[in-house]
Amino acid sequence: MTDVRAQLVEVFRDVFDDDTLELFDAMTAADVEGWDSLQHINLIVAVEKTFHVKFAAAEIGRLKDRDQNVGTFTRLIESKVSSAGA
Amino acid sequence: MIETQVSNERITAYFQADAGERNRLFRGFVSELKALVQAGDHQTAHRWAGQAVSPVQDYSSVQRLGRIVRQAAAALPGEPFRLAVLGGPTTIQFVELLEAFLATVGPVEIFECEYGLFRQEILVPGSGLDRFEPQAVFLATSMRDIARLPRPGQAAADVAADLDAEATEWLGLWSAVRDRWGATVIQNLFEEPPWGSLGHYATRVPSAPEHFIRRLNARLLETAPPEVLFHDLPAVAANVGAADWFDPRYYLEAKMPCGPEALVRYAHSVGAVVRALRGKSRRVLVLDLDNTVWGGVIGDVGIQGLVLGQGSAEGEAFIAFQQWAKDLKDRGIVLAVCSKNDDATAREPFDRREDMVLRLDDIACFVANWQNKADNLRTIAAQLELGLDAFVFVDDNPAERAIVRRFLPEVAVPDLPADPAGYVAAVAQHRYFEAASWTREDAERAAYYAQNARRNELRLQAGDLQGFLASLNMEARLAPVSEVNLQRVTQLVNKSNQFNLTTRRRTQTEIAALAEARDWATLTVSLRDTLGDNGLISVIFVKREDGIASIDTWLMSCRVLQRGVEAFVLNELARQAQDAGCHELVGTYIPTARNALVRDHFANLGFLPAGADGDTTFWRLPIDGYTPHDTFIQAVAVHD
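So the sequences go chain by chain: A and B.
According to our numbering, the first sequence is numbered sequentially starting from 1.
According to our numbering, the second sequence is numbered sequentially starting from 87.
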């Protein structure tokens, strides 16, 4: 598991108030209880803060798209973290 | 049992900590609050979450506290205050933050409307808002909700007509809110677009959108009826900084009115207005002296060694902080001093340094000794007869802050930066002293407390109470509720906790209606004595029905306790009731956490017990054969 994924689990657990929540690549909003539009924004804000990254307008909502899941989201964060570090 | 103690310790540790340490302890603190909710102790979780929330926390932290407040609120006792938040932009994120900031106000139920549908909710009978019957309506609007925003170049006459029409429409929405539910309106002023096409020259072009918005704001301020409250959104945005306010990403994706971190400041600021409306604003500023009001320790460096006044940046920073406190005092906030010093040493700079802005007569209560500050704050509260939840305590010493936070969590204790240049902003950003009304009497309130302290002194000298009361030459002015005193009456009705028999809160509109009603009688009492004018200090509402005069509301300012005002008021109530053909006065006492002071009020005045309903007790007093009480108060005629 990457560092990003390990930290991301903590963010998810905080936002969704569930200390037992585990992430998997194919996971989408439908798999998590309470993942509504309010919680979606709460998640995005928490991720931006935790990883010191900024999503583009289109990226903020992208996670809700059909072909997107926790796996693609993790890679998006990783690419932002590494380009910020470079 | 052990678990409970551990949990309390983690919560206490969080409160005791200063800013940096608090961030580190936050996760543990939140888990304890969640554990409390799961254990069913909703009230405690709700209280701690409310006391922990602060505008300097980040979005995620406030949001998590807001969620705990929401989970805990449903189980709270008491009738919730019904607040509608009508956007404009989407409000779901805003409301979760707002709930956190309103937790210490008491239970609050919030109604939200669908995105952008606020006009329909207000105007269409049977709407969700109509069924909700709000007590206050916050119009969380933005410039995008202006229906007639012009484009540069539009004909001047059209722009002027549009301005009239636009203002009229907003006034219409407000009167609908007032007429349909008697609710208080809180209206956002409109913010300006950050980058207009005309730049600075827009100031000379009435058809430029930002020009129009300024004029619309000015028009709304000029024409709004007095009971409408404004939330100065452009000022909040300016405070955050325009560049950090609007975040197009969150607007485009979620229709959020501003970026997430700015949203915390926005929700906090609206929360401060609602707190004021509910009479929960703070009223006392307690100041430490050494390194808070002046630089240096007076006991060490002596009066000439203090860093204060012109000539050094640091000395001027302390002057600026003193000036800020002085302005608050002139506005009616009570100032007190709580310092670890010998009394004479602590007072010396006030008497002998010309460059002190604060003078001894600005300070209603001056406590300098070597006892711990939590105990001293309790003493100050007792002397001022004000609750500790009305207190703000400012001290540069983190250890003193920690003690007060630990033992008196209801006192607000802001973090202070090391640099005194940052003191004003560090305290002011909390918006502790927001007002929902402001009258000349408020400005003089600080003076009342100083006078009261002198009265207490006199009472000790006079020895016997009767002689003391006689020496005061008290004069009371009696008047029904009218336009002249409506603001002050509304304020007392929503603020008085201790001498308040029923603690029934009402909006200004409700009180105005009651003053007009034929079967209701309203009475206000203003009191003057040789030491000064106390202003309007007592409010009584009586409902008359079938020969019985029921005392719905009886409240009094605690600063005139033990002066015989209660007996004087009863004489008047009996006289008025008799004139109205009533044969009996009925009193009700509804106990709260704050009004034990008046538990025996009716018994003391000679009322007979007339049953109880739960904790509420009822009392009756036959009017036939009523013998007026002796008092030392003279009634004087009111000149209209």
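Quick caveat, the hints were computed from the structure, so don't treat them as lab data.
We put the CB at the ideal spot given by N, CA and C, even for glycine.
It cannot be assumed that every hint is accurate.
[As the list claims (entries may be wrong)] Here are the simulated distance ranges between beta carbons:
1) 56/A x 257/B: 37 to 43 Å
2) 37/A x 98/B: 35 to 41 Å
3) 568/B x 54/A: 41 to 47 Å
[Said to hold, decoys possible] With a Cα cut of at most 27 Å, we get these calculated DSSO-like pairs of lysine-lysine:
4) 341/B x 54/A
5) 341/B x 412/B
6) 120/B x 49/A
7) 49/A x 80/A
8) 49/A x 64/A
9) 341/B x 49/A
10) 64/A x 80/A
11) 54/A x 80/A
12) 54/A x 64/A
13) 341/B x 64/A
14) 581/B x 412/B
15) 412/B x 426/B
16) 80/A x 120/B
[As the list claims (entries may be wrong)] Just some of the chain A residues that point at chain B, by a computed CB distance under 7 Å:
17) 38
18) 41
19) 42
20) 45
21) 46
22) 49
23) 57
24) 60
25) 61
Hints, verified against the model:
In this structure, residue 56/A and residue 257/B meet the distance hint of 37 to 43 Å, their C-beta atoms being roughly 41 Å apart. For the pair residue 37/A and residue 98/B, the supplied restraint of 35 to 41 Å holds, since their beta-carbon distance comes to about 37 Å. The beta-carbon spacing between residue 568/B and residue 54/A, approximately 57 Å, falls outside the hinted interval of 41 to 47 Å. Among the hinted pairs, residue 341/B with residue 54/A is consistent with the structure: their alpha-carbon atoms are about 18 Å apart, no more than 27 Å.
Of the pairs offered as hints, the one joining residue 341/B and residue 412/B is violated, with about 42 Å between alpha carbons and a cut-off of 27 Å exceeded. Between residue 120/B and residue 49/A the alpha-carbon distance is near 23 Å, which keeps this suggested pair within the 27 Å criterion. Restraint check for residue 49/A and residue 80/A: satisfied, since their Cα atoms lie roughly 13 Å apart, inside the 27 Å limit. Proposed proximity of residue 49/A and residue 64/A is supported: the alpha carbons are some 20 Å apart, at most 27 Å.
A threshold of 27 Å between alpha carbons decides the hint, and for residue 341/B with residue 49/A the separation of about 20 Å falls inside it, so the pair holds. For the suggested pair residue 64/A and residue 80/A, the alpha carbons sit about 19 Å apart, so the restraint of at most 27 Å is met. For the hint pairing residue 54/A with residue 80/A, the CA-to-CA distance comes to about 8 Å; that is within 27 Å, so the pair holds. As the CA atoms of residue 54/A and residue 64/A are separated by approximately 17 Å, the hinted pair is consistent with the 27 Å bound.
Straight-line distance between C-alpha atoms of residue 341/B and residue 64/A comes to about 16 Å, which keeps the hinted pair within the 27 Å bound. Between the alpha carbons of residue 581/B and residue 412/B the distance comes to roughly 24 Å, so the proposed pair stays at or under 27 Å and holds. Restraint check for residue 412/B and residue 426/B: satisfied, since their Cα atoms lie roughly 22 Å apart, inside the 27 Å limit. The straight-line distance between the Cα atoms of residue 80/A and residue 120/B is roughly 33 Å, outside the 27 Å bound, and the hint therefore fails.
The beta carbon of residue 38/A is positioned within 7 Å of a beta carbon in chain B (closest approach about 5 Å), and the interface hint is therefore held. Taking 7 Å as the C-beta cut-off, the interface hint given for residue 41/A holds, the closest approach to chain B being about 5 Å. Interface hint at residue 42/A: satisfied, since its Cβ lies 6 Å from the closest Cβ of chain B, which is below the 7 Å cut-off. Taking 7 Å as the C-beta contact cut-off toward chain B, the hint placing residue 45/A at the interface holds, the least distance being around 4 Å.
Annotation: residue 46/A was flagged as interfacial toward chain B, and the flag holds, the nearest CB pair being 5 Å apart, inside 7 Å. Evaluation of the residue 49/A hint against chain B yields a held restraint, the C-beta minimum of about 6 Å falling below 7 Å. For the restraint placing residue 57/A at the interface with chain B, the shortest Cβ-Cβ distance is roughly 4 Å, inside the 7 Å limit, so the hint holds. Contact between residue 60/A and chain B, as hinted, is supported at the beta carbon level, the nearest pair being about 4 Å apart and thus within 7 Å.
Annotation: residue 61/A was flagged as interfacial toward chain B, and the flag holds, the nearest CB pair being 5 Å apart, inside 7 Å.
Hints 3, 5 and 16 from the list above are not met by this structure, while the remaining hints are.
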